[in-house]
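There are 2 protein chains.
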Amino acid sequence: MKIVITGGTGFLGLNLARAIIKRGTMAGPSGRQEEVDGILLFDQVIPDRLPDGLDSRVTMQAGDISDRDTVFALVDRDDISVFHLASVVSGGGEKDFDLAMRVNLDGGRHVFEAARARNGLPRVVFASSVAVFGGSAMPKVVGDTTKQTPQTTYGLTKAIGELMVNDYTRKGFFDGRTVRLPTIFIRPGKPNAAASSFASGVFREPLNGEECVLPVRTDVQMALLGYRNAVAGFVGLHEAEGAAIGDDRAVVLPSGTYTVEEMIEGVKRVAAANDITLGPITVRPDPAIEAIVAGWATHSEAPRAEALGLPNDESLDRVIQDYIDDFMPTH
Amino acid sequence: MKIVITGGTGFLGLNLARAIIKRGTMAGPSGRQEEVDGILLFDQVIPDRLPDGLDSRVTMQAGDISDRDTVFALVDRDDISVFHLASVVSGGGEKDFDLAMRVNLDGGRHVFEAARARNGLPRVVFASSVAVFGGSAMPKVVGDTTKQTPQTTYGLTKAIGELMVNDYTRKGFFDGRTVRLPTIFIRPGKPNAAASSFASGVFREPLNGEECVLPVRTDVQMALLGYRNAVAGFVGLHEAEGAAIGDDRAVVLPSGTYTVEEMIEGVKRVAAANDITLGPITVRPDPAIEAIVAGWATHSEAPRAEALGLPNDESLDRVIQDYIDDFMPTH
Numbered sequence: 001m002k003i004v005i006t007g008g009t010g011f012l013g014l015n016l017a018r019a020i021i022k023r024g025t026m027a028g029p030s031g032r033q034e035e036v037d038g039i040l041l042f043d044q045v046i047p048d049r050l051p052d053g054l055d056s057r058v059t060m061q062a063g064d065i066s067d068r069d070t071v072f073a074l075v076d077r078d079d080i081s082v083f084h085l086a087s088v089v090s091g092g093g094e095k096d097f098d099l100a101m102r103v104n105l106d107g108g109r110h111v112f113e114a115a116r117a118r119n120g121l122p123r124v125v126f127a128s129s130v131a132v133f134g135g136s137a138m139p140k141v142v143g144d145t146t147k148q149t150p151q152t153t154y155g156l157t158k159a160i161g162e163l164m165v166n167d168y169t170r171k172g173f174f175d176g177r178t179v180r181l182p183t184i185f186i187r188p189g190k191p192n193a194a195a196s197s198f199a200s201g202v203f204r205e206p207l208n209g210e211e212c213v214l215p216v217r218t219d220v221q222m223a224l225l226g227y228r229n230a231v232a233g234f235v236g237l238h239e240a241e242g243a244a245i246g247d248d249r250a251v252v253l254p255s256g257t258y259t260v261e262e263m264i265e266g267v268k269r270v271a272a273a274n275d276i277t278l279g280p281i282t283v284r285p286d287p288a289i290e291a292i293v294a295g296w297a298t299h300s301e302a303p304r305a306e307a308l309g310l311p312n313d314e315s316l317d318r319v320i321q322d323y324i325d326d327f328m329p330t331h
Numbered sequence: 001m002k003i004v005i006t007g008g009t010g011f012l013g014l015n016l017a018r019a020i021i022k023r024g025t026m027a028g029p030s031g032r033q034e035e036v037d038g039i040l041l042f043d044q045v046i047p048d049r050l051p052d053g054l055d056s057r058v059t060m061q062a063g064d065i066s067d068r069d070t071v072f073a074l075v076d077r078d079d080i081s082v083f084h085l086a087s088v089v090s091g092g093g094e095k096d097f098d099l100a101m102r103v104n105l106d107g108g109r110h111v112f113e114a115a116r117a118r119n120g121l122p123r124v125v126f127a128s129s130v131a132v133f134g135g136s137a138m139p140k141v142v143g144d145t146t147k148q149t150p151q152t153t154y155g156l157t158k159a160i161g162e163l164m165v166n167d168y169t170r171k172g173f174f175d176g177r178t179v180r181l182p183t184i185f186i187r188p189g190k191p192n193a194a195a196s197s198f199a200s201g202v203f204r205e206p207l208n209g210e211e212c213v214l215p216v217r218t219d220v221q222m223a224l225l226g227y228r229n230a231v232a233g234f235v236g237l238h239e240a241e242g243a244a245i246g247d248d249r250a251v252v253l254p255s256g257t258y259t260v261e262e263m264i265e266g267v268k269r270v271a272a273a274n275d276i277t278l279g280p281i282t283v284r285p286d287p288a289i290e291a292i293v294a295g296w297a298t299h300s301e302a303p304r305a306e307a308l309g310l311p312n313d314e315s316l317d318r319v320i321q322d323y324i325d326d327f328m329p330t331h
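Chains as they are written, first to last, in the numbering used here: chain H, 1 to 331; chain Z, 1 to 331.
Honestly, the hints are just simulated from the structure, not real lab data. Keep in mind that a hint or two might mislead.
Covered by chain Z, per the in silico footprint, the following chain H stretches (three or more residues, Cβ under 8 Å) [stated by the list, open to error]:
1) 132-142
2) 155-167
3) 244-250
Note that CB positions come from ideal geometry on N, CA and C, so glycine has one too.
Same shape as in the complex, but just chain H:
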């Protein structure tokens, strides 16, 4: 079977592809395990060469997800699954509403329509976010059955995608599942336009001996999930039987809640254990970022994920150590 990953050369997309390569098989449209003979990583821009941990089964393609024909050409087999991760992120969506609507909403519709056009019932896993929650109606603890009241255009488009996944599934157009992600850490590489970018930067930059400038105060709380378990959530939800999910296909992934202060203490602890000298951490609040982050849920429940056996992190320190092991090999 073939696996299409939109946003496939992003951090989560690449790690998902690596996990699928390691597995070798995935549940096909029939529900039976099928050998994966092709993984297509589709993204706006792609790297010059295939990243590490992938092999000849993996191809990369650059293109515009808001172009219907481009998207339909990606989903070109009936023995196929689609992971739809491509998205304008939160900060980017606040800067350009129309871009967020075109890429996230129109692009998402193209992906869903392309899957619908196949014979059989391909599995489609949509990446949503706890950014669907927010505002004055948001309870202290959010979960699978909390009303979506997004306070960013990014969150709006994710909430719409969740609703579409449910209806396309109900109609029998495809077998859809939504992974609702908390903030995923620690992302390697450079900061991005996501308002949550600092939740990786606070670990990554100091570990790399660089300065981290924090755009929020240190008592800010964030719900975080390590990238290894985020990928496990994508794979696990793809593999789950539809009947075990039910008619509301959106599943909040597990997370842990930490203050920025706890993140700083954690990186100091793990750096000391690994003999790493940290770069400096400076607090310089950015009102625009603070306003977005203040609207996010800090605590969430994940009963559906737990019932499906999707894993949570062992500890904050464990995720920091994973990052050092996975992305700082020369350390």
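Position chain Z against the provided structure of chain H, taking the given hints into account.
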């Protein structure tokens, strides 16, 4: 100021226009009362002549709401408000998914974009429905803060519209409000493709001496609101101050819950009091209609509407008597 009503020659649209004609003024984009000098009723098809209760301030225009240019040409002044009622209904949307998406989702976006394109902050009132609720995740009693889990494509498009109204309002693109309607009764005229059509037919056809064939069993419960108070809800929510609504702009209108048996008893009581001989009522369940109706909420709370002073019906019998007074003048 000008008032645009999409779906304007439907039952609710016409009665809303009549109510605005009677008022004479509405809150303009500034919040101050302004004289209404034009009401445009836009619809897919329009009657040959202006319906009763309207005057020279009212014009009608037929067109396709899924055509962007058509919609932009309707919203051609800055001193304007838009009531967006046009919609493929529930039964129709289940028969034709793509039509529901084109008319309700794409058409809605055109309306919202057209309002956004104006200077000032026009008020936009969007007609949603308690059909945004359903499925296994739906609680026994639904309300303003219940998660939307629609089980029809109609409900999907209404939930999406609600989310968009919130975000366009948050962004300062317009001042949006969503009226979430229960089943509205008693609609005059002919049955339509809405799965809830029988909730008017059970009164209307017998009062007109005709047979009503009920597609559901008589122990089925429905949450109903009389058309007079539905119109009062539209007007009241338009007139409310934005700050009084808050950042989640969707307001469940009040309703009463009745079994079909209670509806039948009610029409018998009021018919007797008015010396009307009823046509026969026959129960002939239609599994497709029953399945849709079974997914709807039967009980709802409306705390936001109550806080804003939006009225509920005095009684079932009162709405039946209103219908006789308003639509059976020769009786």
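Each hint tested on the structure:
1. 132-142: Since three or more residues must qualify, the claim that chain Z covers the segment 132-142 of chain H holds, with 3 doing so at under 8 Å.
2. 155-167: Our answer is that it holds, as 7 residues pass the Cβ test (under 8 Å) against chain Z, meeting three.
3. 244-250: holds (count 3)
Of the numbered hints stated above, none is contradicted by the structure.
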